[in-house]
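Residue strings, one per chain:
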Amino acid sequence: METMLNPEVVVSSSPHIRSDVTTEKIMWQVILALAPAACAGVVFFGWHALAVIIVSMMAAMGTEAVTRRTMGRPVTLNDGSAALTGLLLALVIPPGVPLWIPAVGSAFAIAIGKQVFGGLGYNPFNPALLGRAFLLASWPALMTRWQWPANSLAWAGSHVDAVAGATILPLVKHGRLASLGLEIPLSQLFIGNVAGSLGETSALALLLGAAFLLVRGIIDWRIPTAYLGSVAVLALVFGENPLFHLLAGGLLLGAFFMATDYVTTPITPRGRVIFGLGCGLLTMLIRKFGGYPEGVCYSILIMNATVPLLDRYTRPRRFGEVAKGA
Amino acid sequence: MRPKTFRGGIHPQYGKEMTCHLGIETLPAPEQVVLPMAQHAGAPAEPLVKAGDTVDLGQKIGEAKGFVSVPVHASISGKVLSVGPVSLPNGNVSVAVTIENDGEDRVFPELKAPGDYRQLTPERLRELMREAGLAGMGGASFPTHVKYNPPEGKRIDTVVLNGAECEPFLTCDHRLMVEDAEKVVTGLKALMRAGGAEKGIIAVEVNKADAIKALEKAIAGDPQLSVAPLATKYPQGEEKMIIRAALGRIVPSGGLPIDVGVVVNNVATAAAFADYLATGMPLISRVVTVTGRGVKQPKNLLVRLGTPIQKLLEACGGFAEEPGKVIVGGPMTGPAVYHLDFPVVKGTSGILVQSRAEVAGGESMACIRCGRCVKVCPYSLLPNFLAEFAEQGNLDQAEAYGIMDCRECGCCTFVCPSRRPLMQLIRNAKGKILARRRKSG
Numbered sequence: 006m007e008t009m010l011n012p013e014v015v016v017s018s019s020p021h022i023r024s025d026v027t028t029e030k031i032m033w034q035v036i037l038a039l040a041p042a043a044c045a046g047v048v049f050f051g052w053h054a055l056a057v058i059i060v061s062m063m064a065a066m067g068t069e070a071v072t073r074r075t076m077g078r079p080v081t082l083n084d085g086s087a088a089l090t091g092l093l094l095a096l097v098i099p100p101g102v103p104l105w106i107p108a109v110g111s112a113f114a115i116a117i118g119k120q121v122f123g124g125l126g127y128n129p130f131n132p133a134l135l136g137r138a139f140l141l142a143s144w145p146a147l148m149t150r151w152q153w154p155a156n157s158l159a160w161a162g163s164h165v166d167a168v169a170g171a172t173i174l175p176l177v178k179h180g181r182l183a184s185l186g187l188e189i190p191l192s193q194l195f196i197g198n199v200a201g202s203l204g205e206t207s208a209l210a211l212l213l214g215a216a217f218l219l220v221r222g223i224i225d226w227r228i229p230t231a232y233l234g235s236v237a238v239l240a241l242v243f244g245e246n247p248l249f250h251l252l253a254g255g256l257l258l259g260a261f262f263m264a265t266d267y268v269t270t271p272i273t274p275r276g277r278v279i280f281g282l283g284c285g286l287l288t289m290l291i292r293k294f295g296g297y298p299e300g301v302c303y304s305i306l307i308m309n310a311t312v313p314l315l316d317r318y319t320r321p322r323r324f325g326e327v328a329k330g331a
Numbered sequence: 012m013r014p015k016t017f018r019g020g021i022h023p024q025y026g027k028e029m030t031c032h033l034g035i036e037t038l039p040a041p042e043q044v045v046l047p048m049a050q051h052a053g054a055p056a057e058p059l060v061k062a063g064d065t066v067d068l069g070q071k072i073g074e075a076k077g078f079v080s081v082p083v084h085a086s087i088s089g090k091v092l093s094v095g096p097v098s099l100p101n102g103n104v105s106v107a108v109t110i111e112n113d114g115e116d117r118v119f120p121e122l123k124a125p126g127d128y129r130q131l132t133p134e135r136l137r138e139l140m141r142e143a144g145l146a147g148m149g150g151a152s153f154p155t156h157v158k159y160n161p162p163e164g165k166r167i168d169t170v171v172l173n174g175a176e177c178e179p180f181l182t183c184d185h186r187l188m189v190e191d192a193e194k195v196v197t198g199l200k201a202l203m204r205a206g207g208a209e210k211g212i213i214a215v216e217v218n219k220a221d222a223i224k225a226l227e228k229a230i231a232g233d234p235q236l237s238v239a240p241l242a243t244k245y246p247q248g249e250e251k252m253i254i255r256a257a258l259g260r261i262v263p264s265g266g267l268p269i270d271v272g273v274v275v276n277n278v279a280t281a282a283a284f285a286d287y288l289a290t291g292m293p294l295i296s297r298v299v300t301v302t303g304r305g306v307k308q309p310k311n312l313l314v315r316l317g318t319p320i321q322k323l324l325e326a327c328g329g330f331a332e333e334p335g336k337v338i339v340g341g342p343m344t345g346p347a348v349y350h351l352d353f354p355v356v357k358g359t360s361g362i363l364v365q366s367r368a369e370v371a372g373g374e375s376m377a378c379i380r381c382g383r384c385v386k387v388c389p390y391s392l393l394p395n396f397l398a399e400f401a402e403q404g405n406l407d408q409a410e411a412y413g414i415m416d417c418r419e420c421g422c423c424t425f426v427c428p429s430r431r432p433l434m435q436l437i438r439n440a441k442g443k444i445l446a447r448r449r450k451s452g
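So the sequences go chain by chain: A and B. Sequential numbering from 6 applies to the first sequence in the working numbering. Sequential numbering from 12 applies to the second sequence in the working numbering.
Think of the hints as simulated: they come from the structure by calculation, not from any bench. Only a predicted model underlies this, so the values are computations on that prediction, with no experimental measurement involved.
One-sided excerpt, in silico: chain A residues whose CB lies under 10 Å from chain B:
#1 Met9
#2 Pro20
#3 Thr27
#4 Glu29
#5 Ile31
#6 Thr81
#7 Gly123
#8 Gly126
#9 Pro271
#10 Arg277
#11 Asp316
#12 Arg323
In this text, a Cβ means the ideal position worked out from N, Cα and C, and glycines have one as well.
Extracted from the complex, chain A is given alone in its bound form:
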């Protein structure tokens, strides 16, 4: 038996075994977790919604490939992150937008939101939300043209025309529903048979996906718990129905899929709790007092900016570390 090993035998530093979880697998599992919400969007808003999703994902991946190649860096389409950003963007815009809207939005999200900073892992802001904010600022009329699923307004009775142009949050915020003596059934809000962004309306579908991510250990429970919890508590403080605030708008999509984005949220356990609380507070402040009816997108983007600070000041106490001054 030869004592010198074949040069093909690997010599490397320990550890010599690795978990089978890879970045790529994580991204595709998040995409899988979003599938129910995307399907619900197509069911409620029709085939155009599917076209929006496809265009958005293709544009994101195309932009990723082009920008990486232009910068002379390895094209990293396989990691799935561009596809995920494209999907997320599609889910947070109105389902009836012309198809160039998701294309432009995704291109912006990837090029300016992500690659400018160095690509996956380096972007400070959630690229999909940045893309949405860009679209809303640039084409506000297109980005606020809402559509109710067919037969979803039966509860409005003869007042259909009075509610058909808006989503449920502004209708409640400005007291229009109350003045008409109307109330939307919470069950309808739960299954998602209402106007809203493509993938945000169905709480049922979103919770299914969220449960999958939580069970698989892909997202940390801290952020969504702190986010949803603080929204519910503040709703009570403001004298409003907490369940309505949890189900309406983009909160569930934001809390489980945007505020849990690894790259743009804190890495420390305490930092994650504070991040979630901050998102909840800002969301409710905007919903209650802000100029916009919905605050999920901006609250997460604003909290994204605090992440380096949160990471720095919420370092866990090390094993056996003695408190300073003790």
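Given the coordinates of chain A, work out where chain B should sit on it, guided by the hints.
Relative to chain A, chain B alone:
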């Protein structure tokens, strides 16, 4: 009752089923042994023999140099062929004594059994553990007697025997506990007497139910002794974690077990001490697990120190297929080697051969800040930041973030989905920090 444990850690594929039921086989002494003078942490021993000398089995061939050092003994009888440098799997170079076996196993006449530990004073026992050449057999190989000579003002109240064997694939301690439980317990009692400890705990992961049973029987109701069943989780056997789990005590950052009144020894170290007291034969052999999918017939082997690892592999039928990686020790902390002449030393617990398909690899990508490393780090460090500071050469910041608390268990690297070499970067920076400290005195 739920088994005790610590915060963090990982659950890798254990792979112990390949060898945990296999009785220890004795490997015949090889034709030649290579005995490095640096088989332990601290100062290498000083060779006492020269080429051409004849040595006997158990004869001291290297004398401890300084306090943090232990002697080295001949593991066969025969003729010294050479005294010169050899490289070790960990990358260090050590002077080694090479002995050619005369096949007689002629025992050194001056060896005599010290006898029952109860008849010996604690001071004498502490001297004897050094004379036996005892250094931690779990892998770190810290000289045992040093732990039993605590600094002024510190007192040992508990001896914890480490039978966790949390490294995947290794079963040498498991088999020793099953087959030689009495010896392990006798060794523990002797260690307790040497340290003046009133309590002795043998901490074992619950996946070794037969070992727990054998040890409980060997303890035979002694009120000072107990077996602590611990959760099966890596790195359960890391010194600070085993103390946390078995006793609930937290060793301070930068501190030693003695700071909380504890000494931790490997079960094999205790058994070797018991052997020495009963027979006078110092540490000249140990159990090594030879395993992995790349080995034809995995085994637990009792081998003489200094045996080239090639002999162990031959005894196991050689490679099952073209090997992908050969590791001395366990897969989490053991170094990979490039030839098979490396000798078994006091800290060698296993030889693991991975098949080509098993070799972990993959391109290292950017950190996505998923936080998995933070979640598993038993010391509550932020490995992602430490590795980043290490990459930047920002040693001050790395120190401020507690890099020196890292015990290099490798959990962070194991879980990293971006395949970042976190622990390698951290280890590298730690080395630089230590060098810097030495320089500035």
